[in-house]
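Asker: Here is how the chains run, residue by residue.
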Amino acid sequence: MRGQIKRTADTDRFSRWKRTGVTSAAMATTTVARGSADAGSKAKRKAPFPVEFYRSALGKKYVMALTGIMLMGFVFAHMVGNLKMYLGAEDINHYGEFLRELLVPILPRTVFLWLLRGGLITAFALHIHAAYSLTRMNHAARTVGYQAKRDYIAANFASRTMRWTGVIFALFLVWHLFDLSWTGTGATWVRGQAYQNIDNSLSRVPVALLYIVANLALGIHLFHGAWSLFQSMGWNNPRFNPMRRNFAAGFAGLIVLGNVSFPIAVLAGIVGN
Amino acid sequence: MSTELNLTLKIWRQAGPDAPGAFDTIAAPGINDEMSFLEMLDVVNERLINDGKEAVVFDHDCREGICGTCSLMIDGQAHGPQKGTATCQLHMRKFADGQEITIEPWRATAFPVVKDLMVDRSAFDRIIESGGYITAETGGASDANLTPIPKPVADAAMDAAACIGCGACVAACPNSAANLFTAAKVSHLNLLPQGQAERYSRVEAMVDTMEDFFGSCTNHGECQEACPKEISIDFIAMMNKDYLKSKFKNRKTLSRN
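The listed protein sequences correspond, in order, to chains A and B.
Numbering (this note's numbering) for the first sequence: 1 to 273.
Numbering (this note's numbering) for the second sequence: 1 to 257.
These are computed hints drawn from the structure, not numbers from a lab.
Honestly, I wouldn't trust all of these hints.
Ranges of calculated distance between the beta carbons of each label pair, as one might list FRET restraints [as the list claims (entries may be wrong)]:
{"no.": "1", "chain 1": "A", "residue 1": "Glu52", "chain 2": "B", "residue 2": "Glu230", "range": "31 to 39 Å"}
{"no.": "2", "chain 1": "B", "residue 1": "Gly52", "chain 2": "A", "residue 2": "Arg136", "range": "40 to 48 Å"}
{"no.": "3", "chain 1": "A", "residue 1": "Arg55", "chain 2": "B", "residue 2": "Asp18", "range": "28 to 36 Å"}
{"no.": "4", "chain 1": "A", "residue 1": "Phe76", "chain 2": "B", "residue 2": "Glu230", "range": "52 to 60 Å"}
{"no.": "5", "chain 1": "B", "residue 1": "Ala136", "chain 2": "A", "residue 2": "Trp114", "range": "52 to 60 Å"}
{"no.": "6", "chain 1": "A", "residue 1": "Arg204", "chain 2": "B", "residue 2": "Asp18", "range": "35 to 43 Å"}
{"no.": "7", "chain 1": "A", "residue 1": "Phe247", "chain 2": "B", "residue 2": "Leu146", "range": "42 to 50 Å"}
{"no.": "8", "chain 1": "A", "residue 1": "Gly73", "chain 2": "B", "residue 2": "Asp24", "range": "50 to 58 Å"}
{"no.": "9", "chain 1": "B", "residue 1": "Glu64", "chain 2": "A", "residue 2": "Asn241", "range": "55 to 63 Å"}
{"no.": "10", "chain 1": "A", "residue 1": "Arg160", "chain 2": "B", "residue 2": "Ala136", "range": "55 to 63 Å"}
{"no.": "11", "chain 1": "A", "residue 1": "Phe157", "chain 2": "B", "residue 2": "Leu146", "range": "51 to 59 Å"}
{"no.": "12", "chain 1": "A", "residue 1": "Phe49", "chain 2": "B", "residue 2": "Pro148", "range": "49 to 57 Å"}
Computed from a predicted model, the values in this text were never measured in an experiment.
Every residue, glycine too, gets a C-beta built ideally from N, C-alpha and C.
If we strip away everything but chain A, and leave its shape as in the complex, we get (with noise of 0.2 Å):
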């Protein structure tokens, strides 16, 4: 009897199971269109490690966070090395020459710095895939948005603006090389006089104005993204918390000053022929 009241309760559990099994898999096909019960076993080819774990967005974003603090060393270089711009001409022209000439009797003359170069490109690379199909993810996770008015309380201004501070400055970023690097874009410009070509360029009011903007949506930019590479790397712990926040906005503030300080100095005469 025993047995009997206990094989009945299986097979109606069994049922009752099987029936919402079908029901949640109709479920799937009709509404939920982007994944299903068994979409976690993808029968794709096994890739190596980095790959695999790339093909994660928890690991995009660990490249985002890894890329970004490679990307915030040389924001970081930049602006310091370009603060040789007020001990005068001799200085910075030596200071690019002294770049060109890193390691130089190891390695032959400009060797490293492309080097540092084609990490840097990387970085920018990866960086930017990893947030173009991050953003594609995140469109796709709600097709059909708030009808109504949104109430942020902790998204901010900068969380909410990445994608648009990321794109302006990497098109500013396009120009800056043309302006400096490898055309000049309409006043005079020699290739190796640092001084003279940022000075000439600088000049310009217009291009003044183009640096100062570009270098406050990077500050922007920061302010998230140097807070948010915490979360992302899993660097989390009460002891320096309340920290990171205090850390994005002194890094983006410090770049924002320094950068920004170079156009006005230029337009203000500080520096300059």
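Please build the complex by placing chain B on the supplied structure of chain A, with the hints as guidance.
Answerer: Relative to chain A, chain B alone:
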């Protein structure tokens, strides 16, 4: 002393998953300010039924903030304006007389609208299924204090376990990411000794399932503010760390801790 509120509700009405929806303006006069938000909707529905109209469909169950069934985007905020409170425990005294209140369902591709304000949150069940379990010994129940757990660890696990799976984190997230929900469910077991057996397979399986349905985290912190159980985004960082450990050190297959 209770006072009466005269409200105007802008409620999202949608006949079915694939039907087009629109906001419907419904007057709600004479609302007692001691009612909960859901009781207010009950009154509105009774009036609609008396008028021969169709009642507004919304999710609700326990009405004491522990089941995670109620939802609602109230004036652009998940679970309304009061921090750390589910809609069922939000009281009408938080609203002013004459106010217009906009009520919308959770919006996410993985949470399709069933009808009006009710959404299908079974994507969360898929995440739980993939790793929200532990291996437990059979036989007689062992003594409850057999496994020593430091108090701070037990507290942290309890904070994570407070998640009621309502989906407010997804609804509030500008990216429709479910990282806070998944992180809470992962951490709740990963923090405790009983959860160590599946620690790394759990985090991989649950994160991978999550990514089949939801967006990615960009660290806005909006989920933490919307969460009726005030679960911290610290858990997301913990989940990220375990995911990296699992992937990078191949712990799932190497079976080394």
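Asker: All hints are to be evaluated individually against the structure, with a verdict given for each.
Answerer: Results of checking the hints against the structure:
no.	hint	result
1	A:Glu52 to B:Glu230: 31 to 39 Å	holds, 35 Å
2	B:Gly52 to A:Arg136: 40 to 48 Å	holds, 47 Å
3	A:Arg55 to B:Asp18: 28 to 36 Å	holds, 32 Å
4	A:Phe76 to B:Glu230: 52 to 60 Å	violated, 36 Å
5	B:Ala136 to A:Trp114: 52 to 60 Å	holds, 59 Å
6	A:Arg204 to B:Asp18: 35 to 43 Å	violated, 57 Å
7	A:Phe247 to B:Leu146: 42 to 50 Å	holds, 43 Å
8	A:Gly73 to B:Asp24: 50 to 58 Å	holds, 55 Å
9	B:Glu64 to A:Asn241: 55 to 63 Å	violated, 32 Å
10	A:Arg160 to B:Ala136: 55 to 63 Å	violated, 44 Å
11	A:Phe157 to B:Leu146: 51 to 59 Å	holds, 52 Å
12	A:Phe49 to B:Pro148: 49 to 57 Å	violated, 36 Å
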